[in-house]
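Protein chains in written order, with our numbering: chain S, 1 to 360; chain X, 1 to 360; chain V, 1 to 360; chain R, 1 to 360; chain L, 1 to 360.
Check each hint, because a few of them may be wrong.
Below 25 Å or equal to it, Euclidean Cα-Cα: the simulated BS3-like pairs (lysine-lysine) are [unchecked claim]:
1. LYS355(S) - LYS357(V)
2. LYS358(R) - LYS358(L)
3. LYS357(X) - LYS358(R)
4. LYS154(S) - LYS167(S)
5. LYS232(V) - LYS358(S)
6. LYS355(V) - LYS167(L)
7. LYS87(X) - LYS355(S)
8. LYS358(X) - LYS87(R)
Treat the hints as calculated values from the structure; they're not laboratory data.
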Amino acid sequence: MNTLERFIPRKKASVGLPAGTLSPIAKTENGKTNLNLLTYDSSGAIKDIQETDIHQIIIRIEHKTNQVSWLNIDSLHEIEVIEAVGKAFGLHPLVLEDILNLTQRPKFEIFEDYLFVVIRIIYWDDSIDEVREEQLSIILMSDLVISFQEAESKIFEPIKRRINEGKGRITSLGADYLAYALIDIVVDNYFVVLEQLGEQIEDLDEKIVTVPDSSTMHEIHKYKRELIYLRKSIWPLRELLSGLARGETKLIEQETIPYIRDIYDHTIQIIDINESFRDVVAGMFDTYLSSISNQMNQVMKVLTIISTIFIPPTLIAGIYGMNFQNMPELQFWWGYFAVLGIIFIMMIVMLFFFKRKKWL
Amino acid sequence: MNTLERFIPRKKASVGLPAGTLSPIAKTENGKTNLNLLTYDSSGAIKDIQETDIHQIIIRIEHKTNQVSWLNIDSLHEIEVIEAVGKAFGLHPLVLEDILNLTQRPKFEIFEDYLFVVIRIIYWDDSIDEVREEQLSIILMSDLVISFQEAESKIFEPIKRRINEGKGRITSLGADYLAYALIDIVVDNYFVVLEQLGEQIEDLDEKIVTVPDSSTMHEIHKYKRELIYLRKSIWPLRELLSGLARGETKLIEQETIPYIRDIYDHTIQIIDINESFRDVVAGMFDTYLSSISNQMNQVMKVLTIISTIFIPPTLIAGIYGMNFQNMPELQFWWGYFAVLGIIFIMMIVMLFFFKRKKWL
Amino acid sequence: MNTLERFIPRKKASVGLPAGTLSPIAKTENGKTNLNLLTYDSSGAIKDIQETDIHQIIIRIEHKTNQVSWLNIDSLHEIEVIEAVGKAFGLHPLVLEDILNLTQRPKFEIFEDYLFVVIRIIYWDDSIDEVREEQLSIILMSDLVISFQEAESKIFEPIKRRINEGKGRITSLGADYLAYALIDIVVDNYFVVLEQLGEQIEDLDEKIVTVPDSSTMHEIHKYKRELIYLRKSIWPLRELLSGLARGETKLIEQETIPYIRDIYDHTIQIIDINESFRDVVAGMFDTYLSSISNQMNQVMKVLTIISTIFIPPTLIAGIYGMNFQNMPELQFWWGYFAVLGIIFIMMIVMLFFFKRKKWL
Amino acid sequence: MNTLERFIPRKKASVGLPAGTLSPIAKTENGKTNLNLLTYDSSGAIKDIQETDIHQIIIRIEHKTNQVSWLNIDSLHEIEVIEAVGKAFGLHPLVLEDILNLTQRPKFEIFEDYLFVVIRIIYWDDSIDEVREEQLSIILMSDLVISFQEAESKIFEPIKRRINEGKGRITSLGADYLAYALIDIVVDNYFVVLEQLGEQIEDLDEKIVTVPDSSTMHEIHKYKRELIYLRKSIWPLRELLSGLARGETKLIEQETIPYIRDIYDHTIQIIDINESFRDVVAGMFDTYLSSISNQMNQVMKVLTIISTIFIPPTLIAGIYGMNFQNMPELQFWWGYFAVLGIIFIMMIVMLFFFKRKKWL
Amino acid sequence: MNTLERFIPRKKASVGLPAGTLSPIAKTENGKTNLNLLTYDSSGAIKDIQETDIHQIIIRIEHKTNQVSWLNIDSLHEIEVIEAVGKAFGLHPLVLEDILNLTQRPKFEIFEDYLFVVIRIIYWDDSIDEVREEQLSIILMSDLVISFQEAESKIFEPIKRRINEGKGRITSLGADYLAYALIDIVVDNYFVVLEQLGEQIEDLDEKIVTVPDSSTMHEIHKYKRELIYLRKSIWPLRELLSGLARGETKLIEQETIPYIRDIYDHTIQIIDINESFRDVVAGMFDTYLSSISNQMNQVMKVLTIISTIFIPPTLIAGIYGMNFQNMPELQFWWGYFAVLGIIFIMMIVMLFFFKRKKWL
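Please build the complete structure, drawing on both the sequences and the hints.
Rendered as structure tokens:
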């Protein structure tokens, strides 16, 4: 698994192409692009159409007062779909390029009669034990929201349910509230990912204190990198949402601003959590290094104690193992016992010494 | 004790719910919500009502000139209470959600006819040896202050006493001064927590210099984390108070601004102290690492001295323990004594050498 | 290869010369300066002239409505060429100096009737395994673009092709779009270099986890430096492009601004990637240090185990090698076997002890 | 000596007291508060009164054109004095509280008819080898300066002398110049303290290069902390003085602004020096760590050399100390000398090997 | 050589002196102050006067249209000279103090009819192998430039030559261009110093990779400090030049602004280089630390290999050196050869083991 690759938008193939060229980046998998049109007013959903032909969808979008249409497009494999949408609603070619270039930084752009927002859906991919991202592009018009999802996902199910049940504010407010609801659910997901990351970091922290080994280092390393990666998606959110909350476009109504300020508060919290986690993981590396040092200290102490206790007696034994003819002590009947005694006392003294030095 | 969890607002359950849904987050414990209404004018307290029925309380709030009402609500277990308050005073649904979502970042929001402030009460929880937080939400209206405390606490007792005794400026000034007094007492508490933390860090610092062991590392680690945690609550205070001090709302009278500037100064001091503590704790980690290195150096020196003094003589003893038939020295009557002398001199020379190298 | 030198504009020779002196810095190699004039309108290229005489070129530049001329000059060895261009189009002497001083920081300067942009072309030089830079200076006039490339390169080939084929927007838009296209292709190249760097860093990361050796450190060191070096060229790009996107000069038409904002977004991504890589490489150094520590720990454990298992038995063997006349054990027929048994048991006990300490 | 305590304003006792309460913080020592009134005009000092009764002083302050009064109050033990001053000159209760609360951050506050400045006098306390602080509060009115010093000190003696001698600009300019002179002398003192610190850091730096030991670490640690501590007093000075230099109050005349800008320049220098010292001390810690590592390297090399030179010969000696009956070499008359020779050659080879590895 | 002293303006002696006192700081050496007046118009130099009497010089300064006078004063030992200049041209006393106080931070101050600029000349002092600074103060009036150099130097020789030869723009433009030229030559010198530093750092870098020893650390330490020191002079330059380039004073004509913007670009480059060098030197410290660790690892491996190969055979030899009467093996004629064989095989196995662990 090549994790660093995630940091780089794959561009090599497209260098030199004119801007606005809809490059086949998204076509990595052959598959269908799913289209779903949902029309609703304050009473709930009126139409819920699954279609495969984009042209059929577009002509069925009605423009009635107090009625909102939501066109959700996922799995962006068919360039023709995006081109058709771009043509039907007069989108700038660079916007279409950004929708297909799935490595956009979160941002928003205000155009004459639509607002373009790119954010990134993150989730924890259990299979590779890593954070994964998908791009979500939203086009907000006065009575229409078009959302482009990189892949199929169930993230917007709760919103569809709320619309169908005609429950809550969503059906009584305009398209801008729908766009807000989409962004809100994506941002809420960040908390879920951070919670999962937090639990794993917690487990790792436990491990460092009790049984650190060389794999621990790689895990610290990994979480450090995941947090660097997350930061790249999280930080631009702040700018994006404070920009939307300034209400520079009439597409977002005054009534919706407090809700956007609410998501803004959430992104500040997410940034805070991410930075705190980075501080915590950096601290774990320090703890890990110091526990390795401590371990080495322990090893060295064992070696030193053993050497200090056994090497000097070995010299004494060596001396009385010499073969000189004239070694008076050898003749004494108590010589051997005296030597044994001396060795024993030396060892006791050494042990006492290490005890006092708190090495034992 | 799972300490990292504190960093994350528990959100998983509520992802996808429409904003403004009063989720049951606060209902973790089953209990009563306490209500207390205090009405006073410059003569001191007029009414002090403990009630269990929020509707009874609300209808008893009078709106007279120069009279201030303070409704204090703690232990936010009953959603109905918050809903009733929200309805009675026309609070925005997101404000109610923020009051119940007990993981808000400190902030203030100006509405048409009320001001909404969220701050966090911190205290040192001796039982778990950690900093703990509670959320305090304040609604300031022209003659009414409503305070929502996460849990029961005695933190506002001094203010109640001052009101009852009609002492100080509090009874002669308006609701904005009461709100100021509530925030002031919370911010003052930060100094108390930092003082306690400071004393513990001081003790730890003493320990590092004298008897560092592996538990020391975990303690440094812990204080580092507590300070990271505190920072999250402290930094937003600055923005909050400088915002209030700018006097953008007519709810805060000109007379009260100097008092708010005064708390602002305190928060700057708190931020300074927190940052200084972080620097100090970071320095302690360096000291700890270097004292481990020093210890290892000591251990290595002992090992080296012992080895260097005893290994060479052991070789000499070994040589004269060989069983060659033709070893002339063995026959000399002074051979043994010469060898002993040589060994002795070698040891003295080595000791002298280590003395000069300052290893002894 | 003296890599640090790249950081310093070679200036020593020119200290004290008046500003605007066209110093011979670029003359390091003797060679020809290549000139290429391309004139086109919405139908594609009309003229494509390779010339060696600058004066011939200049008089052939036509100024017709809807027609754009692009004069590309590379290999800046002939000062006369630059002087002639400067005189013909009324460029400020400092601009000429900046074009020849090949160590400019990316910047733009707005003049009365032309815009001056300096950016740096980067590429990965396989032969020296380092990032290399070349300076690109662009003069944008209302119907003319003059580009000065430090050396010959094929980087603009795709643009020439697009012009010749009359394909895309390039021929139907003005000189400002051409200037945009030149900058865009240069910025796109940064992704390519970062992608190459990313792959190499990835390989290195693999190596650190598996077989770190002392050369690993030098590689980490090298990538650290490459990223420091890249940052110097990348950061000013942001300022440059946000400046151009503000549209302070009428030379850049409103229609081209979204394209420039598009490159601006790319530079933000490039900065993000560069900073992320720096974080990643910094983390690799930590991993490397800790894996060295781990290795040393392993070495120390082997030493300690060997010493602890063999030194104590050696003492026992030494004791029974002493030559005292009165050593009762020596006479027992089972003495030798008992000693062998004791030694064997001691070793087993030690091994068991190390097993429990998880050293084995 | 509890050094961390200095960072925390002692607040615990006063939590919950209404703002503006003159708490007995300053009363730690029982003593007299000293009062000194100095009145002067361009001819020099007219009156110089030492008094113990504040009311006597206050009624003797004259308000004449071109005449300035300076009331200096030190040793703030008597709350009554501050209260009397506050009443006589209409000071805000929070100003009085700030004067007595001796842990203020440097700041200034503009009121209707007076300016309130708090700065901190620092000096190097030789007895405890630490930086000490005292608070100086200044009230500037149109023809009166009141200065409140935490403790008795001689810091303002030079100013008194200049006034008495009628020398320099001080007597010909207004009260604002006097206030400037007081602040200037305090800021000048910072240079003195930094100079002393600089000398000590220099000495320490010398020591690290020559004879580092474990006490060195504690000294580095100490200077690090002193510099953190100083920073807390120094940084706010910048803001304070740039604020005063903006001339937002008519109490500071246009003529005095250049003088204040002058102190502002000094504070920038002080901040620069402090930050440079912090960088230098941080570098010393690195040097210290690396010299410990170097030492350990040396120790390890000695151990390895000794072991490598003596352990292999010991094995050879051991082999020929074995008691096998059939060991042919033992019979050779030259056996012993051959073994001695082999051992000698082995040792020489090893020494040569270490020489080449540059370990010797 | 006391290097830290350079960071601190020597102030102790002057604390308490009124601002504007021309203190004898510059009088450290007794010497003459050199005066040089150069008057020129577009035809080149008209007058070039070396004088010792400042009053003689002042009266010879003519004020004619299109004629510029440049009064260069170096070696500021005579306070009378500065006082005379101050009086003759109406300079503010604080300006005079700043000119004599040779530790000013680079800055500019705009006065009614003159501009005051302080910058620092840096050069590499080979004799002490350190960066040295000198202060240059410039007074710019409408037709006069007065430059005050701390010491005699040849730095302005190229400008004098250009004036004398009437070459370049310098003689045809006003006094502001002359001031620009002085600053430009000083800033150009920074590149020279950085180039020298860069070469030395490069050499050091080479050394770290090949033969690091303990002196390497001190060199890294030294360059770190030199770069900290340089930064103090370099950073304020940016602010200074961007301030001048804003053209807030009519003393700098519109025509000169592009030249000042040019130096501004240079200072940005200088800051970039300095920061890059700091990053590079910081990286060198990491490399150094890791190469020490690697060395220690090598040492430890040698020790462990030797111990592991020789200690176990020593035990075997010890066992057969025991003097038990009943040791059957001793009687076997092949016993000795078997033991030799076993020892030999053990050693081979160990060597094979270390080979596989890549320790050899």
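* Broken hints, by number -> Checked against the structure, the hints that fail are numbers 5, 6, 7, 8, while the rest are satisfied.
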